[in-house]
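Visitor: This is what each chain is made of:
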Amino acid sequence: MLTLQCPYCGVEAEETELHAEGEAHLKRFGPGSSDDDFEGYLFMRENPKGVHFERWRHSNGCGKFFHAARCTMTLEVFGTYSAQTLEPPQEIKDKISAKYPGWTWREFA
Amino acid sequence: MSTRLASGGRLLNKGKQLKFSFNGKQFTGYEGDSLASALLANDQMMIGRSFKYHRPRGVVASGSEEPNGLVNLGEGGKFEPNQRVTTTELFDGLTCTSQNHWPSLEFDIGAINNHMTRFFPAGFYYKTFMFPRFAWKHVFEPIVRQSAGLGKAPQDRDADTYEHFYAFVDVVVIGGGIAGLQAAKAAGASGAKVLLMEQTPHWGGRAPVDGGEVDGKPVAEYIDGLVAELQAMDNVTMRNRMMGAGVYDHGYVLGYERVNDHTPMNTGPRHRLWRIRTKQIITATGAIERPLSFAGNDIPGVVLASAVRDYAVDYGVSVGDRTVVVTNNDDAYRTAIALKKAGLEVPVILDARASGGGSLADEAKALGIRVENGKGIAKVKGGKRVTGVVVCAQAGQGAMLEEIKCDAVAMSGGWSPVVHLWSHCGGKLIWDDAQAHFRPDAARPPKGANGEGFVIPAGSANGPLELAGVVADANAAGVAAAKAVGQDSSVAAPAVAEAAEAAMEPVWLMPQGAGPELRIKAWLDYQNDVKVSDVRLAAQEGYESVEHTKRYTTLGMATDQGKLSNINGLATLAGQLNAPIPEVGTTTFRPPYTPISMGSIAGEARDAVFQPLRRTPIHAYHEDEKAFFEPVGHWRRPYCFPKAGESHADAVKREINQTRNSVGLLDASTLGKIIVKGPDAGKFLDMMYTNMMSTLKPGKCRYGLMCNENGFLIDDGVVARIDEDTFLCHTTTGGAERIHGWMEDWLQCEWWDWKVYTANVTEQYAQIAVVGPNARKVIEKLGGEMDVSKEGLAFMEWKDGKIGEFDARAYRISFSGELSYEIAVPASQGRAFWDALMEAGAEFGIMPYGTEGLHVMRAEKGFIMIGDETDGTVIPQDLNMQWAISKKKEDFLGKRAQLRPFMASDDRWKLAGFETVDGSVIPDGAYIVGTGVNANGQRNVQGRVTSTYYSPTLDRGIAMGLIDGGMKRLGDVVEFNKVDGSTVKAKVVDPVFYDKDGEKQNV
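Protein chains in written order, with this note's numbering: chain A, 1 to 109; chain B, 1 to 1003.
Excised from the complex, chain B in its bound form (with noise of 0.2 Å):
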């Protein structure tokens, strides 16, 4: 079993006792552990269940790396899924539970897969995709369905809050073990910024576990020492807790800092998410332990060896009472010396290696631990927990020498260095054969704005795993950075004694003959159950990339990113393939790290500001009104002002009744409002937009359009000539940013000599249409100087003057057909102008009117809207406006593209109008269908609607569309779709619906 050791625990506080509970059963840790040590001290070896086979399945690993331990965290708002116990931190009353068992962790009925194993082969999704077809919806996706997932989503919302953090630093160092700190240390001499993280609590990383002497002392003590020098420079930041999560292009970080995680009564934010700018990062990430790869090696009590004795020295806590070490390398028997010190039994070690180990395999052996060399597990015995191993000869396939009973084996496969941040931005990789691992190669590393490399690897991240090469190169990775942030540091690396090792032998199989019985159960990728018999698998059936057998297997795709498992998985890749593994190389590594919260990238961009909202100066009214809202843009504009009780429908029929008939009111503020100035503004406009703008006379207003190189219609608006030199360019609400942009950009990159320039002005103005044959009355009635009769202002002119008390500017332009003035005022009088007209009008029922009623009153004059009529593949003439094009100009921008054959064809689909002969609303996005079906088996179609209202004005359904023909088809009666398979019956007509002759709107 596994319990707390009487001593032992570096990193724990016993007096403080923690309470917390696993699966509803209530246990006790102290302050100081990891979920992980915790749950172990409990003796709650099995945390879960395995995602396919739903296979007991307990710790494996002691940190980020670890693939089995993951939990369901916390209730209601704080609850979390796939929550590593490896890197939670105990808190009182943290609670959890087991993720991907029913209806017990104890008692699964998943766990029938683990007799079906045959069934469920590597690419077992692709092949049940793919044939036979019906099998997947009725067979295997219900079982699936039921069975695999691993953790909850979540149900409630997330009480919690994160920030962002941005930093500029010279040099960040990700890694506070020894190699991070000393790098810091050599780098920070220099005077430069750095920025030292670790996603740890605890400075030092596995130093300390490991032992050796720095400096002449224990390297615990050298640690302290380190730690207390860093305090104490004022330009080097320290923090814990805080993940190096992912290197960029241009030395941009992601640092993921867990602030509240282990303290969550406390206020503030959970995570803090920093990004970070910094000119060179050191990547001192350390190395992670490869399992080996035997049968049985997932069953709760095969743990890594570095893990068995983090948790006896970190924690006080033993896997088991009896441990089987394996091992093809020295480092192994650190782990079988720590626990016979701590009292433990090891009944042996089984060395893959023939000739054995160097001084540690000596220690042990005077401690009295039975060393085996040349041996290997053939298999593990047990099923929830190990009982027992059967050894055999690694050179064999896996005969019983003998049966060793245990409750814990601890297996070493050789370290590989955690080359991820290295990768993440192009950092290429090279094979050492002496330590069977990818570690960078110095000669390519991700490279900066300069061309320089910005990624210097230290310590084992690097490649040495001994200690004093690990420290050496921290050192000089320090020194590097310093020098080229263009600083001089001189720190020396420390004197180190340690034992000397013997070379590891790489063992990607054991025994290394193991026959298909044994290689089914011999796992590669825990979380994701993938088996070396899955690998060989796809490498039979073709799949030579590293890439597609990931994808084929899933290999190294779940919550770990195959940590442990890659360099296993190719390994046995490249043997099955006969390559060589450098050849087969490895798959991409991508950030993060390891998984980060959705609320940390989100930040503080949630509810009000998560996008900041446009308001009019007049939104204020509205919302007092209670209209209801439309996004358009950042904007928010009113649909429509629904009194108590009516409906959106009736709302807008009562406002389009009282503009017709009498007098309504629009907020038109947010409408662009672009200002062109210069000598060449007129010849600039004429470019711009397809009518001619340069010979509008000063005072007068005129519709223009706008195209893209492409001759379609990006967006259109009424223009006013302000003077001589002056015009004041209308665009649509949304597209008043992206035609300021599309103008600079001609004036900046195309015609720079021209003498013209351009300002937004769109929030400087509020503006305000007032619509209806009472209009012209309501403005007369605020008095002022300015004359709006229809001699004194006539339509499509504009003026400036006082109404009323206001500073006006007011164009005879109408988007409804009714007698119309856009009266613009200063923004800053934009409310009382409003309030005003309000009152001034309140004898003609005055009342604002929102953008559905704008709609429709426009579509029954068979006005286009851009959005509507126009979706980016329609060209003026489509929508017959052969009129606003002019013949005159040599050029204009989409003049060209207008005159290619299939712009310049009969043979587009052309605007019309369309009346349904029953009187009903053609639904939104319907098709006219046409005969017969294409290639696919669809039904042809000839057309489809573009605008479509019950119009109140006429009580009837109106639309406009685009047809095979336009308006050579009037009279036609054709047929839309509806949703329910049907069709309306409607007849082609004239887009414009209401006053064909405009007689009303030029009174």
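One chain only, chain A, in its complex shape (with noise of 0.2 Å):
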């Protein structure tokens, strides 16, 4: 069971007290988009063994959505972050290149 910290309460959440959304930084298309970005928003994931940012709600708690950066492999948390961004922290993006140099995420590395 995971334990993240909650950017916005805090709190030093247990896995129980959260809730996953999926992966982060997902950009919507909507009317007018063409069907492959359309597909792309609606179905391809990176589902990495490494290096992955997720969304996460603090759904029993403060009720924020909010990001967090860590390894599916290792389990290591580089970081949470608020939702309301369009990429990670350049900090957070450190931290990971000083584990992981030459990491890439999506447009990310």
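Careful: at least some of the hints might be erroneous.
[What the hints assert, rightly or not] Think about it this way: if two alpha-carbon atoms lie no more than 25 Å apart in a straight line, the pair counts; the simulated DSS-like pairs of lysine-lysine are:
| no. | chain 1 | residue 1 | chain 2 | residue 2 |
| --- | --- | --- | --- | --- |
| 1 | B | K428 | A | K49 |
| 2 | B | K677 | B | K889 |
| 3 | B | K428 | A | K99 |
| 4 | B | K483 | B | K683 |
| 5 | B | K968 | B | K985 |
| 6 | A | K99 | B | K483 |
| 7 | B | K799 | B | K1000 |
| 8 | B | K405 | B | K340 |
| 9 | B | K483 | A | K95 |
| 10 | B | K700 | B | K777 |
| 11 | B | K365 | B | K341 |
| 12 | A | K64 | B | K683 |
| 13 | A | K27 | B | K755 |
| 14 | B | K777 | B | K755 |
| 15 | A | K64 | B | K677 |
| 16 | B | K428 | B | K683 |
| 17 | B | K384 | B | K365 |
| 18 | B | K25 | A | K27 |
| 19 | B | K697 | B | K802 |
| 20 | A | K64 | B | K755 |
| 21 | B | K889 | A | K27 |
| 22 | B | K777 | B | K985 |
| 23 | B | K683 | B | K777 |
| 24 | B | K889 | B | K697 |
| 25 | B | K978 | B | K996 |
| 26 | B | K697 | B | K428 |
| 27 | B | K781 | B | K697 |
| 28 | B | K781 | B | K755 |
| 29 | B | K895 | A | K27 |
| 30 | B | K19 | B | K78 |
| 31 | B | K365 | B | K340 |
| 32 | B | K152 | B | K25 |
Hints were generated in silico from the structure; no laboratory data involved.
Relying on the hints, combine the two individually framed chains into one complex.
Guide: Here's what the structure looks like:
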């Protein structure tokens, strides 16, 4: 059972307090988008063995959605951060680079 | 025979005798006995029959690794199968019975299987499942069902209670042997918060049995000192009878405390499951002795050497009068020496090593014990009990050198560290050639949230098997754990004096050249009856992966999870594959370490506290009226209100007729109510709903549909605009929390710059639907300022005001097709408002109706229900609801998906109504059959029913369903299948069965 710190209320929350909400940083494609773009948005996920960016909700707590950067293999957590951003904070990306030089995830590196 | 010795028994209180029974036989033991030692003291060597061959079996170990000694324990509500006698503490009045025998333990018909060994080889189940097909059902299954299996399933409700307990500490130490105690001292001295747990009732583990000197004192005395020191430390919590059951991600540990197993007469929980969060874990879980693989190594009386020693020293019990010791290491000599000193006979020590043992061997020889180097056991003689051994050269094929009479064999194949808890969360292992075992690889520990290891193995669990190494390693582990949690410990390891041991030599088969006749009787897994010959056969048949071999042979799959058998098994596999052991590897270690009770997992969560119930403010009325409840989410809603002697169907009919003809009441409080407020609220709801909500005028209501990004319907409900900035969105009963979360998701993660907030106010209001032609009269009778006339409050309008004494918000909306007001009042006024309506409506025969009445009336009107007409694959267009999809909006959730070719296609099943030709009710879940069959030989289908009811209003069966072609099929007669294989004919009709023009709701 993971523990993640909620970046909003600061609580070190256990997995039972949280709800997994799938992959982070999805770009929404709506009407007018191509079939390929829409398919990518709706169905295609990274599902990596290694560095991953996820959405979580502090559902049995403050109710806020947040992002977490972690390694799906070692379960190391590089950090949690606001959901109201288009990319992971530099500080977290640096932390990942220190551990996994040359990592990439979608358009981030 | 096994018996109680005159001396020894350091754990016993011989002043207190206890009575117990086994298979109805009355025995006595002492306080401090385990059930195993007490049975042995009464010469009850044979305890059960094996799983497959029904061979006689007795205890082979003295701890939780025991594979054979399983019994049915207790009776009635305290009955529990598969309890290990070695870990069951004796108490007065204990009753137990042996398992897997018929008709009796001594005479067992299933033992015939023993003579059919060749017909039950590795992969028996797989082979008979596969071919010939009829044989499994008609030949093998009846035999296996009669003869296989362990204990019986309990018949009665569990009479005991259980609880969960949460703990947060810095360091958890699992194992209270000398290593765990030393590690806890080293960690605790730093001031860190330490929790030390030990699965047995005693501290110190097996060190006092094995002997040695620590810090200039006998080890037992040193341990007493350690325990006293730890007990004096405020920051250290010590719990015995508590097993570290599992290690999980990010420092989560399950502790399984057997609070009252040994004192069942006490009140309080039987088991307590500790849910622990810790920064560091020290696994001081010790090591387990391995059996040797020789023919007949499962005959009762063949026991692990360490266990023979434990029974003698701890419990004053001899396993036999004449014990042959067979070993590949020095440790077993301690058993020979202990037995000799207790006055028992040790006719010979057979040491498989040609070079023999070290100083312990010298000590044994000095006591006059015969030692034979380079020798082994060709086979054990005896049936229900050892009668002798055939001695052979270990290097040979088993030719008899001599036969030695004995009634017990103490065997030792070396020691394997208990790496389970290290491995549960991903700790990796390394093969140690010198000790021929896997031990934790310190370089590859399980990693925590910070990317650092959080488990530290200590003592023999980490590899060292000699006392000095164990104590030094454990001390270092404690210091390291303290450092890892930011503390300093300066505790140094004490000096240790002990005998120097000669190196062990791996022996995977005895004798090493044993032929098929011997291998087929050389057991690896006692509990699942897996032998050397089975593993070899699996390898020959192509099962090269250890995980595949495990499943093919069932090696290590029993309740002991192969604690004794795994290393021997995979070494045998490696030998057959001609591969190095580390290359073959181990199977995966999964929690729990030993089985834990289902009760402890459930904890307090049973009966009323299993799941919290949600109750409306009017719930007590429903209970008083003996409503028949149905679960809706966490709510309990009245399905109907049957009167005495009335069937549910009749009650529903009565409720509907009353409502359609006069007036009825529905407790609609469970409907979700979400406030959406802010300058951008209208824009936001335009995205959430398929309809246009931003154009709704304050004071008006609009029915809306919600879809997910896949385009599928997820919820529906009436939206009321409260003011320019504020909307109140009704959701389905089950959807309130989900839809609120869905709105928050979009507001927090996609349109976070939109000025909107939401609040789920579902439970703030009681909401009552007053429904029927007389509804207005009832409300007007209550008085108050609110004008509820046709003009004052028109259909699809809402209004705030006083109705009678009550602070009401009345919505003119209808889910029944009748004149209808849904009136919300503050939750605190809900019951009083309900009672006032009941009183006012008395002259009209007012009565409450339940969810079934609600469902039938909405189906009569052709209104869809989320979860009936929808199942997560249905789009609004399938339900002919194009009218609720805005064409003006550029975007809403689901719009893009509904433009995908197969969503926009006409070739989808669409909604229509159905009337059976004979007036009967179509069965729930029925399909509309088509012509021909599909590739699987199943009948083709062309649609399915989604709602089907008896309509009291029309006095016939009505239904809605999805059918290929939808409303284009009007007038067609189709056939729905029935469970009995026949079909029922139905005509495709308009799904609005009642008041098609909507005149009744608009009066």
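Visitor: Would you mind marking each hint as holding or not holding in the structure?
Guide: Now for the hints, and whether the structure bears them out:
1. Pair hint K428(B) plus K49(A) holds up; C-alpha atoms about 18 Å apart against a cutoff of 25 Å.
2. As the CA atoms of K677(B) and K889(B) are separated by approximately 21 Å, the hinted pair is consistent with the 25 Å bound.
3. A threshold of 25 Å between alpha carbons decides the hint, and for K428(B) with K99(A) the separation of about 20 Å falls inside it, so the pair holds.
4. For the proposed pair K483(B) and K683(B), the alpha carbon gap of about 56 Å is over 25 Å, so the pair is violated.
5. Under the criterion of a C-alpha separation no larger than 25 Å, the hint pairing K968(B) with K985(B) is consistent with the structure, at around 18 Å.
6. For a cut-off of 25 Å, the pair hint linking K99(A) to K483(B) stands: about 22 Å separates their Cα positions.
7. Restraint check: the Cα-Cα separation between K799(B) and K1000(B) comes to about 21 Å, which is no more than 25 Å; the hinted pair holds.
8. Taken as a hint, the K405(B) and K340(B) pair is honoured in the structure, with Cα atoms around 17 Å apart against an allowance of 25 Å.
9. Of the supplied pair hints, the one linking K483(B) and K95(A) holds, its CA atoms being roughly 23 Å apart against a limit of 25 Å.
10. Taken as a hint, the K700(B) and K777(B) pair is honoured in the structure, with Cα atoms around 23 Å apart against an allowance of 25 Å.
11. In summary, the hint linking K365(B) to K341(B) is supported, as the alpha carbons are separated by about 13 Å, within the 25 Å threshold.
12. Only pairs whose Cα atoms come within 25 Å are accepted, and K64(A) paired with K683(B) is accepted, the gap being roughly 22 Å.
13. Distance hint between K27(A) and K755(B) is fulfilled; the C-alpha atoms sit about 21 Å from each other, no more than 25 Å.
14. A C-alpha spacing of about 43 Å is found between K777(B) and K755(B), which places the hinted pair above 25 Å, so the restraint is violated.
15. With a C-alpha separation of about 18 Å, the suggested pair K64(A) and K677(B) falls inside the 25 Å cut-off, and the hint holds.
16. Proximity of K428(B) to K683(B) is assessed by CA-CA distance (about 55 Å); at most 25 Å being required, the pair is judged violated.
17. With a C-alpha separation of about 32 Å, the suggested pair K384(B) and K365(B) falls outside the 25 Å cut-off, and the hint is violated.
18. Taking the CA atoms of K25(B) and K27(A), the gap is about 74 Å. The hint is violated against a cut of 25 Å.
19. Taking the CA atoms of K697(B) and K802(B), the gap is about 22 Å. The hint holds against a cut of 25 Å.
20. The hinted pair formed by K64(A) and K755(B) meets the criterion: a straight-line CA distance of about 16 Å does not exceed 25 Å.
21. Of the supplied pair hints, the one linking K889(B) and K27(A) holds, its CA atoms being roughly 21 Å apart against a limit of 25 Å.
22. Between K777(B) and K985(B) the alpha-carbon distance is near 43 Å, which puts this suggested pair outside the 25 Å criterion.
23. Between the alpha carbons of K683(B) and K777(B) the distance comes to roughly 39 Å, so the proposed pair goes past 25 Å and is violated.
24. Of the pairs offered as hints, the one joining K889(B) and K697(B) holds, with about 18 Å between alpha carbons and a cut-off of 25 Å not exceeded.
25. For the hint pairing K978(B) with K996(B), the CA-to-CA distance comes to about 30 Å; that exceeds 25 Å, so the pair is violated.
26. Simply put, K697(B) and K428(B) have alpha-carbon atoms about 66 Å apart, too far for the 25 Å limit, and the pair is violated.
27. In summary, the hint linking K781(B) to K697(B) is not supported, as the alpha carbons are separated by about 30 Å, beyond the 25 Å threshold.
28. Taken as a hint, the K781(B) and K755(B) pair is broken in the structure, with Cα atoms around 43 Å apart against an allowance of 25 Å.
29. For a cut-off of 25 Å, the pair hint linking K895(B) to K27(A) stands: about 16 Å separates their Cα positions.
30. Of the pairs offered as hints, the one joining K19(B) and K78(B) holds, with about 18 Å between alpha carbons and a cut-off of 25 Å not exceeded.
31. Among the hinted pairs, K365(B) with K340(B) is consistent with the structure: their alpha-carbon atoms are about 11 Å apart, no more than 25 Å.
32. Pair hint K152(B) plus K25(B) holds up; C-alpha atoms about 20 Å apart against a cutoff of 25 Å.
Checked against the numbered hints above, the structure violates hints 4, 14, 16, 17, 18, 22, 23, 25, 26, 27, 28; every other hint is satisfied.
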